[in-house]
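Could you build the full structure based on these sequences and the hints that come with them?
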Amino acid sequence: MGDAPKSLRERLWGLPWRRWWRALHRDIGYFAVGLTLVYAVSGIAVNHIADWDPSFEQFKQTVQVEPFPGDDQAVSQRALMELGITDTPVDVYRSSDTRVDISLENATVHVNPATGIIIAEGQRARPVLRDINWLHLNRGKKAWTIFADGFAGMLVFLAISGMFMIKGRRGFIGRGAVFVTLGLAIPIGYLLISGGP
Amino acid sequence: MERRSFLQKAIAGTTIVAFGGILWRIASDDLTRKARAETRPDGKPRLPPGQRVIERLKPMGGEAGNPSPRAFKLDVHGTVDKPFSLDFRELLALPDAKAAVADVHCVTGWSVMGAKWMGVPIAALAQRAGVKPSTKHVIFEAANGYTANVRLDEALAPNAMLVWEYDGSPLEEAHGAPVRGLVPDLYFWKSPKWLTGLRFAEQDEPGYWETRGYHNHADPWREERYG
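So the protein sequences, as listed, match chains A and B. Counting from 1, one number per residue, gives the positions in the first sequence under our numbering. Counting from 1, one number per residue, gives the positions in the second sequence under our numbering.
Simulated from the structure, these hints should not be mistaken for laboratory data. Keep in mind it's a predicted model, so treat the numbers as computed, not measured. Backbone N, C-alpha and C fix where the C-beta goes; we use that ideal spot for every residue, glycine too.
Where chain A lies over chain B, by a calculated footprint (3+ residues, C-beta under 8 Å):
hint, stretch
1, 66-77
2, 82-96
3, 108-114
Written as structure tokens, this is what we have:
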């Protein structure tokens, strides 16, 4: 006589769920490495926006010389000479008697010919950081929203599957429950203590 | 070194550094103490709650617009009788252009007191455009699609302006050159950089940060930071 047929519950229970969780967790984890680094590094950078500009670094130089009235060309040449800049201006624009703006490739020079004050200023993009902040803040919109949503879904899967990958001595009730509770307690506790939004 | 000993020393070291940093910050913050002791003419404390004073504006990032004055064009439009556009020369030549002093307050927690500005009151531009009586809001339009919404009465307050100079110098690229908004009585994200237009509207339209969790009104004295 053969064994009695197994119920659906018994058949499902007998499947190698943990092995499948582990395999999926590993592969999705590999896939998520790049985006996790993008969001984590940019998250720290943007979190401290009150202390620094996470995407650009600024520069500014001020020079005071004798007043040097003249036409746009003359003012531009003199100002760039005083600053030691050899770049060719992209544009020279006089908006008033006291303001001439010289646009360079990566900087602007403001000149007040009436006072002789020359100010060169501009900002340089921080390599890599500017790009990942752009992605993190979803400045690009459109298609990136789809990738970002997909990544969020993957993180949800990694969090859930991570809880069931390895069976501890006491199952999930052991250290798993302790750490999950601690992890949940941090945002809930912060909301309660701070008063929330 | 044993693991337990290492952890104990690491925690002790971190606590000492953090505590020292906090003490140094409190002890060296004369500007904040001074501002906290002052009161505005309207009776509010000069420094809103939760703010500390720094000496100069901080660049706060954002997707920069074109800083070239030649490329600048301001569109004043929406619910107005006479929409118009101004280039940079025309803006600077407006008879209402004036110097002003105003405190500004960033939602991230810093404030600059007594910042010097040169610009034109938004009320003067509104008057020129002939704002329709049904108008309730002003939408600041800026480079790369950035917008910020402000109630009409607050946008037309005497200290609300469009500015092109800060602290005696042309506005820097990082601060929104060539022209930015200035609404000092709201958090500073309501003063958009790289401004391109003022749109008067009957309906409110939450802008870039307002649709990303920040408060729709942004009153610093009520700490309306987040929605």
